[in-house]
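**Q** The opening position of the sequence shown corresponds to residue 1 in this note's numbering, with each subsequent residue numbered one higher.
It is worth saying that the hints were derived from the structure and are not from the lab. Each hint should be verified, as a subset may be incorrect.
As the list claims (entries may be wrong) - Each computed DSBU-like pair below joins lysine-lysine, with the alpha-carbon atoms no more than 30 Å apart:
id, residue 1, residue 2
1, Lys90, Lys119
2, Lys105, Lys189
3, Lys298, Lys406
4, Lys119, Lys224
5, Lys189, Lys168
6, Lys119, Lys375
7, Lys224, Lys104
8, Lys105, Lys406
9, Lys406, Lys376
10, Lys105, Lys119
11, Lys298, Lys418
12, Lys376, Lys61
13, Lys90, Lys418
14, Lys298, Lys189
15, Lys298, Lys168
16, Lys375, Lys61
17, Lys119, Lys104
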Amino acid sequence: MTRRYLQTLWIFTLCVLACFSQVDAGQPNVILIFADDQGYGDLSCFGSETINTPHIDRLAKEGRKFTNFMVASPVCTPSRAALMTGCYPKRVGMHQHVLFPTSKKGLNPREHTIANHLKGQGYATACFGKWHLGYQPEVLPRAHGFDTYFGIPYSNDMNYPDNKEKPKGGPDGMDELWADPESTLTKWKTPLIEDEEIIELPVDQRTITRRYTQKAIDFITENKAKPFFVYLPHSMPHIPLYVPDDVRNPDPLYAYINTIEHIDSEVGRLLDTLDDLNLADNTYVLYTTDNGPWLRFKHHGGTAGPLRDGKGTTFEGGQRVPCVLRGPGVPAGSVCHELTGTIDVLPTLAALVGGVLPSQHRIDGVDMSPLWHGKKEASSREEFLYYSSHGVLEGIRQGPWKLLVKLPRQNRNTREPKAAEVLLFNLEEDLGEQENLA
Numbered sequence: 001m002t003r004r005y006l007q008t009l010w011i012f013t014l015c016v017l018a019c020f021s022q023v024d025a026g027q028p029n030v031i032l033i034f035a036d037d038q039g040y041g042d043l044s045c046f047g048s049e050t051i052n053t054p055h056i057d058r059l060a061k062e063g064r065k066f067t068n069f070m071v072a073s074p075v076c077t078p079s080r081a082a083l084m085t086g087c088y089p090k091r092v093g094m095h096q097h098v099l100f101p102t103s104k105k106g107l108n109p110r111e112h113t114i115a116n117h118l119k120g121q122g123y124a125t126a127c128f129g130k131w132h133l134g135y136q137p138e139v140l141p142r143a144h145g146f147d148t149y150f151g152i153p154y155s156n157d158m159n160y161p162d163n164k165e166k167p168k169g170g171p172d173g174m175d176e177l178w179a180d181p182e183s184t185l186t187k188w189k190t191p192l193i194e195d196e197e198i199i200e201l202p203v204d205q206r207t208i209t210r211r212y213t214q215k216a217i218d219f220i221t222e223n224k225a226k227p228f229f230v231y232l233p234h235s236m237p238h239i240p241l242y243v244p245d246d247v248r249n250p251d252p253l254y255a256y257i258n259t260i261e262h263i264d265s266e267v268g269r270l271l272d273t274l275d276d277l278n279l280a281d282n283t284y285v286l287y288t289t290d291n292g293p294w295l296r297f298k299h300h301g302g303t304a305g306p307l308r309d310g311k312g313t314t315f316e317g318g319q320r321v322p323c324v325l326r327g328p329g330v331p332a333g334s335v336c337h338e339l340t341g342t343i344d345v346l347p348t349l350a351a352l353v354g355g356v357l358p359s360q361h362r363i364d365g366v367d368m369s370p371l372w373h374g375k376k377e378a379s380s381r382e383e384f385l386y387y388s389s390h391g392v393l394e395g396i397r398q399g400p401w402k403l404l405v406k407l408p409r410q411n412r413n414t415r416e417p418k419a420a421e422v423l424l425f426n427l428e429e430d431l432g433e434q435e436n437l438a
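Produce the entire structure from the sequences given, and follow the hints as far as they go.
**A** Rendered as structure tokens:
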């Protein structure tokens, strides 16, 4: 070979390697923090005057706040199925209320999830927290594209199947629990799972938020040289509320405030880790929650702020949730009032990281990356469907107009019977849904 030929070959090789390096460097990391039962009014950046959340507020200040962000169900399991798959829960068979420890079903592993998609694009994937899409090993996170899992497989108030003893419920029972958390931990008998094995029974819920975060920090540190996806679905602030002893305010009236502020401090630890590893500029961090607040638990259950009602209802307080996003290309200090939601996260991330969504899996979400990045041409969803906690289609929204057709039912928060109703609201003029125009 001539020397000129070798030089040309070497230059060509360097160019190819440079191209691959640019592709790798361009893939953003993704951290998705999903709280449990947190109300629209439970962050200081969303108007709370009693809860101080400086680290989540930092995400809003350095990124974008979404005021019109919807979840696809007002309860846990179907909401989480929609987030993972980009589908209304009924499309993936996860619409009939929530799963329990004795439930024999779960999200079908054939469904295409966020983790499946990102793993296919070379991402390291992890889930640390509440899963609630099936307890059997065949439907736990590693069957859905996650490399590793650590968490409580369902709600933290659910017992392991062989346990029949439960603490007293309602606000009074939660007050007793908060005043003496150690004595009630064993009554819940809630398992902690790593991958598919129970490693702690009962789990010490006092430290669970901190342990989820530490697992996420360790995973990020171990995978800092490659793109990663961390799904961090906190078990809190679903009742029963727990925080570490070193940060606990013993007054039950401050239980919910204490819990949210502890979650916020753990978000701060995550953000510090990204800063220390020089990953912040290339990492999307999205914070939101699965549904609105559980109002019947009063000071253990949060507030929906200006919205009507809460968890378990198709009023805005049940399905409109706080959301903040920081990441590459997201305009700092911006506010988005356009309609979007959790079912849009999968197609949006697919547009940002590459790869084609499988055509055999029809989804309901749409790519909202222009909205994430504050583009002038960005538009909101054309419509949104409201499904009840048991999967019944109760309403539709188009633009500012929201129509609800409610069958006879029981109010989840007050337990009072309710007659059938037809309700029409203009949400631009009546966000609190107080004036029925039907």
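**Q** Honestly, which of those hints from before does the structure not fit?
**A** Numbers 7, 9, in rising order.
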